[in-house]
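Going down the list, the protein sequences come from chains D and X. Following UniProt numbering, the numbering of the first sequence begins with 1 at its first residue and continues without gaps. Following UniProt numbering, the numbering of the second sequence begins with 1 at its first residue and continues without gaps.
What the hints contain is simulated information worked out from the structure, not anything from laboratory work. You may find that some hints are simply not true.
Copies of one chain are not kept apart here, so a pair can be met inside one copy or by any two copies together.
Said to hold, decoys possible - Derived pair list, reagent style EDC-like, types lysine to aspartate or glutamate, alpha-carbon separation capped at 20 Å:
(1) 54 x 64
(2) 96 x 250
(3) 213 x 166
(4) 52 x 83
(5) 96 x 226
(6) 11 x 101
(7) 54 x 34
(8) 11 x 42
(9) 213 x 226
(10) 11 x 95
(11) 54 x 89
(12) 96 x 194
(13) 52 x 210
(14) 96 x 258
All figures in this text were calculated on a predicted structure; none of them were measured in a lab.
Number of protein chains: 2
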Amino acid sequence: MNTRTQNTPRKVLLVTAHPESRSLTASLSAFAADHLRAAGHEVRVSDLYAMKWKATVDADDFPDLAGDERLAVMAESGRATEEGRLTADVAAEQEKVRWADAIVFQFPVWWFGPPAILKGWFDRVFTAGFAYGPGLVPYSGAASALPGRRVLLSVTAGARGTAFSDRGIHGSIADVLHPLQHGLFAFTGMEPLDPFAVYGANALPVEHFEEAKLAYAARLDGLFTDEPVPYRLLSGGDYDHDMRLLPGVEDPGTSSLDRHVRARG
Amino acid sequence: MNTRTQNTPRKVLLVTAHPESRSLTASLSAFAADHLRAAGHEVRVSDLYAMKWKATVDADDFPDLAGDERLAVMAESGRATEEGRLTADVAAEQEKVRWADAIVFQFPVWWFGPPAILKGWFDRVFTAGFAYGPGLVPYSGAASALPGRRVLLSVTAGARGTAFSDRGIHGSIADVLHPLQHGLFAFTGMEPLDPFAVYGANALPVEHFEEAKLAYAARLDGLFTDEPVPYRLLSGGDYDHDMRLLPGVEDPGTSSLDRHVRARG
């Protein structure tokens, strides 16, 4: 249980990804940074487009690899992590993640996922030995690689909200973002909150933008106090040794992804 | 209903994404191309790393945008599509997608999604006016943008298969790939098949590779004859005008993503 109040100054990394510096994403990112700083938090920003972040994992990431050596990505990124041979851009982002008590992501949902530049931030930064590996148990909170960090995905989407509601055709926004929320954040021991979303983002009326900022402010105020999504932990006794949910453990009425979430109080 | 047999020669686009030309992904891609050609199909290959595919959507994609003009990505990609001003690399890939009767994707699952270079292929190629837009209805088969094309995701994953099984902690491979299967392929009117996956891919014994090729061959043989995932169509009467599944439509025992799939016969 988190016993600190929202007023205790903490360290927040803001990761943002949009090619236009006058976009809604950029406005929401600036708003978040200002709001968090006004609350006393220390904020660092990774603006991936401004940084010209390299999206693609390739042999240039492993300059010490011999010219004719086969690139096994996971093995090589694990060795480079262990031996301190990661490229400077990746090492700098890992340092920010280690430093942070919370990470806020601000991005547009493109084809039901993060823009490629942000996917490439996950692909390149969350290496073996940093995010998982020997001695680190996935989905196990304190026994995982990056325990305790709060994560808030703040996204914009062109579609209307009903299409991302529980019965919406796109799937709920929680299910659409499950690969990140569960597969990356919960996997590495972080504590993802429910996502925050602004819909109808391609032509957002000014009054809706003002409403969105108010709603976003409330979520930022709860960054360290709101209850994270109660994903089941691998260490919690709900899974067998082959990482399958034990029979009958899930809550009635859950079936596919939602059975990995405990009922809320 | 598809009445052509598997032996009718068809056009298949193979999209593959791995930085190492001696990887398991590369081996499976070469196997797929050979197998499909041996069956009489015409095969074109987009090897994204070999093509040095540009992953990131940015202002360079819209060279006709005035220097001080704000980049609204969806609107600008729609205009560029309509006016034939897309960059040559994007236009070439759209031509391949239009040409294809089926698309096979071969890639490693990295952090529960496609490598950034492939995410960037989706982000950049599936523009407004090409994949969706005025006069095109999402999730509506023949009324959508790219109707009838079969899609097979063939993936490799380091984890064991049980962790991706129906009750597996990662979520079933179908649910993990839902953002692509449903959000992109079904959305645009394509016909995604069940994904094909090779697990334990970081250290695959030779005999498992031989087994994997046999299983893959069977899936490639069924590319035009296997039943696609029976996603509900927006045009099928199951959704309200706000794109929400109507009450009581889903099959008993389904809840989150799986309620958008009809029961199989």
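Tested hints:
no. : hint      : result
1   : 54 x 64   : within (18 Å within a copy, 24 Å between copies)
2   : 96 x 250  : neither (36 Å within a copy, 44 Å between copies)
3   : 213 x 166 : neither (23 Å within a copy, 39 Å between copies)
4   : 52 x 83   : neither (26 Å within a copy, 29 Å between copies)
5   : 96 x 226  : neither (23 Å within a copy, 48 Å between copies)
6   : 11 x 101  : within (5 Å within a copy, 51 Å between copies)
7   : 54 x 34   : neither (27 Å within a copy, 33 Å between copies)
8   : 11 x 42   : within (5 Å within a copy, 55 Å between copies)
9   : 213 x 226 : within (18 Å within a copy, 48 Å between copies)
10  : 11 x 95   : within (13 Å within a copy, 48 Å between copies)
11  : 54 x 89   : both (9 Å within a copy, 19 Å between copies)
12  : 96 x 194  : neither (22 Å within a copy, 39 Å between copies)
13  : 52 x 210  : neither (30 Å within a copy, 42 Å between copies)
14  : 96 x 258  : neither (31 Å within a copy, 37 Å between copies)
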